[in-house]
Amino acid sequence: MTEVSIEGLTKDYGSSLAVNGISVKIADGEFISLLGPSGCGKTTTLKMIAGFEEATAGAIRFDGQDVVNVPAEKRDIGMVFQNYALFPHMTVAQNLAFGLEMRRVSRSDIATRTARVLEMVQLSGYADRYPRQLSGGQQQRVALARALVIEPRILLLDEPLANLDAKLREEMRVFIRDLQKRVGITTVYVTHDQAEAMTMSDRVVVMFGGRIAQHGAPADIYERPVTREVAQFVGQVNILEGRVVSAAADDRMAVETVLGQFAVRGIPAAASGTVTLALRPEAVELAGPGTDGTQATVSASYYSGSLVDYRLTLDNGQTINVQTFPRNRWSAGDRVTIKVDGDRFWPLGASA
Amino acid sequence: MTISARSAKPFLLIAPAAVLLGVFLVLPYINIGIMSFRNPGNGSPYAPGFTTGNYLRLFSDSFYLVQVGNTLMIGAITTLACLVLGFPVAWQLARSQMRFRGLAYGLVLSPLLVGIVIRSYGWTILLGNNGMINRTLINMGLIDRPLALMYNSLGIVIALVHVFLPFMILPLMSAIQGIDPSIEAAARSLGAGRVTAFRRIVLPLAMPGIQAGCILVFVLSLSAYVTPSLIGGLRVKTMAVSVVDALIDTFQWPFGSAMALLLSLTGALVVLIFARLTRMKWKAN
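For the protein sequence lines, the chains are V and X, in the order given. For what it's worth, this note's numbering labels the leading residue of the first sequence as 14, then goes sequentially. For what it's worth, this note's numbering labels the leading residue of the second sequence as 13, then goes sequentially.
Any given hint might turn out to be false.
What the hints assert, rightly or not - So the derived label-pair ranges between C-beta atoms look like this:
hint, chain 1, residue 1, chain 2, residue 2, range
1, X, Ala30, V, Ala175, 19 to 29 Å
2, V, Ala124, X, Ala20, 50 to 60 Å
3, X, Asp192, V, Gln78, 27 to 37 Å
As the list claims (entries may be wrong) - In silico lysine to any residue, SDA-like type, Cα no more than 25 Å apart, as pairs:
hint, chain 1, residue 1, chain 2, residue 2
4, X, Lys293, V, Lys352
5, V, Lys180, V, Val257
6, X, Lys293, V, Ile123
7, V, Lys194, V, Gly222
8, X, Lys295, V, Pro144
9, V, Lys352, V, Gly222
10, V, Lys194, V, Asn176
11, V, Lys87, X, Leu281
12, X, Lys249, X, Val129
13, X, Lys293, V, Arg145
14, X, Lys295, V, Gly150
15, X, Lys249, X, Thr262
16, V, Lys87, X, Gly134
17, X, Lys295, X, Lys249
18, V, Lys194, V, Glu183
19, V, Lys180, V, Lys38
20, X, Lys249, X, Gln104
21, V, Lys87, X, Lys249
22, X, Lys293, X, Gly153
23, V, Lys87, X, Ser194
24, V, Lys87, X, Val120
25, X, Lys295, V, Phe188
26, V, Lys87, X, Pro193
27, X, Lys293, X, Leu281
28, X, Lys293, V, Tyr139
29, X, Lys293, V, Arg120
Don't read these hints as lab results, they were simulated from the structure. Nothing here was measured: the structure is a model prediction, and the numbers come from that model. Glycine residues also receive a C-beta, built at the ideal position from the N, C-alpha and C atoms.
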């Protein structure tokens, strides 16, 4: 299996810098996601790893070996494309056999390996179908099987679930993740869907404007975003201004906010003046009016089954978004009390 | 809407075209078919009574059979040349985002903008013994005597390729545009080099366009009259030229009709065999 190391990777299209000197190490068997809005350079990065785009500068190493000058067909990668890119004139079995034929695998081995992988993606009975005779989800699994059957060093996936409907997309997330763990293949997954990136990945690399804004475990990214951009891209967030009052116990700083004074983690001891704080909507709890906490008015509520989203207006006019379980329900116009644990605040650095 | 009214609708949609084809294609063909069995006339286009003599004459005279063979050969070579020359152009037009794409597209269509007679005369100026090409080559000292570029099959093929290239490029272009570039990328990622990816993936997927373009160019080449008659002159005659000679110059309507039918039928047979050989299983339902 393979460890991937990207160093100072750059793609300059002349008119624009699509990827601007990114460096990241991907451990053997690790599943990492490149997450970001369209145009952030994530797909260009993937294409450079695959060998479809030439890097302007920097290195891409597979197990220490620079592959920048190795053509795509010699890199030994398995790639799944957003639109699956199955060969429409070949049956499922022929699609799977193609990569093996290129590797001069014997006919009988092709048959066994193809059958084994088809079983893995639960498509055993479909070997003789043409791609157009399959549903989107089935085509997706054929694409996955075709990439895996060659037993590549690295698996690359370019927004593979973007064309599926919501329910199937969630099923496929679990399916791909389980399969990846079973096979143990180093995987790079490109997506603009933060939920997808977080549920599937060991590590998430958040990209903006051709640079890595933050990388780390999904929980790191979500709970300790470094910038306002990252915080807002990865889920919903309330951004609050706070004023550092004094040092508090356990490396915390006392910060005064519109929701009251809290002992907040992660603020440098030397800090003074104002800080920007992130507060996730689900970190806020609501109680009936008049109890201890900040008072607010419900201006809208959005019920989505397992959760309810509220938009609250504080007495000073500021808006706070809250997400709770629908245990207690409030409707527009109700007065509520906001309760927050100081540990749920996280300070944001200035955006890069 | 009632069921019968609904099922009548498709027929209404094709009716105008069907009537047009019926009146101006099927009826004339029937007429030609009947004419081909009439007795040759003496001083008139045909005489009363019927005979199979026209066909017997056609099949017993190797002159005409060789001519059929030549015509088919000219058609096949023209088609192949259009395919080989047209594919890279179609590819470039379909795939590149070059700045002058519109201009290039116009250039591809440009042979169709000039009348066929004018264009063929143009070729005689270029290809003749005293023509521009031979003059230039002689003046440059590359050849002593003019190359035979006119009054032979080569000249006809050159001129036909020029005229019919757009009919090859346009269907090829739309077929290539229909091939998702990521399909090629997928082939590359699976270990296929550029050549293999082209042969195993691009070519089969472009086949509908290749098929359409080849059939169009082949059929047009068989039935071409003006270009072969001007460039071939009296020395090389294609079937179409001979048919017109028989009908208009020597006034042998029955024999001319028999030749015309033979030309159509052999052409149709070749197209049928070609379509059969290039049948795409993956396209069928």
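Quick rundown of the hints versus the structure:
no.: 1; hint: X/Ala30 / V/Ala175: 19 to 29 Å; in the structure: violated (45 Å)
no.: 2; hint: V/Ala124 / X/Ala20: 50 to 60 Å; in the structure: holds (52 Å)
no.: 3; hint: X/Asp192 / V/Gln78: 27 to 37 Å; in the structure: holds (31 Å)
no.: 4; hint: X/Lys293 / V/Lys352; in the structure: violated (67 Å)
no.: 5; hint: V/Lys180 / V/Val257; in the structure: violated (45 Å)
no.: 6; hint: X/Lys293 / V/Ile123; in the structure: holds (23 Å)
no.: 7; hint: V/Lys194 / V/Gly222; in the structure: violated (31 Å)
no.: 8; hint: X/Lys295 / V/Pro144; in the structure: holds (11 Å)
no.: 9; hint: V/Lys352 / V/Gly222; in the structure: violated (37 Å)
no.: 10; hint: V/Lys194 / V/Asn176; in the structure: holds (24 Å)
no.: 11; hint: V/Lys87 / X/Leu281; in the structure: violated (46 Å)
no.: 12; hint: X/Lys249 / X/Val129; in the structure: holds (17 Å)
no.: 13; hint: X/Lys293 / V/Arg145; in the structure: holds (13 Å)
no.: 14; hint: X/Lys295 / V/Gly150; in the structure: holds (21 Å)
no.: 15; hint: X/Lys249 / X/Thr262; in the structure: holds (15 Å)
no.: 16; hint: V/Lys87 / X/Gly134; in the structure: violated (51 Å)
no.: 17; hint: X/Lys295 / X/Lys249; in the structure: violated (40 Å)
no.: 18; hint: V/Lys194 / V/Glu183; in the structure: holds (17 Å)
no.: 19; hint: V/Lys180 / V/Lys38; in the structure: violated (33 Å)
no.: 20; hint: X/Lys249 / X/Gln104; in the structure: violated (36 Å)
no.: 21; hint: V/Lys87 / X/Lys249; in the structure: violated (55 Å)
no.: 22; hint: X/Lys293 / X/Gly153; in the structure: violated (55 Å)
no.: 23; hint: V/Lys87 / X/Ser194; in the structure: holds (17 Å)
no.: 24; hint: V/Lys87 / X/Val120; in the structure: violated (37 Å)
no.: 25; hint: X/Lys295 / V/Phe188; in the structure: violated (31 Å)
no.: 26; hint: V/Lys87 / X/Pro193; in the structure: holds (19 Å)
no.: 27; hint: X/Lys293 / X/Leu281; in the structure: holds (21 Å)
no.: 28; hint: X/Lys293 / V/Tyr139; in the structure: holds (17 Å)
no.: 29; hint: X/Lys293 / V/Arg120; in the structure: holds (23 Å)
Hint violations for this structure: numbers 1, 4, 5, 7, 9, 11, 16, 17, 19, 20, 21, 22, 24 and 25, all remaining hints satisfied.
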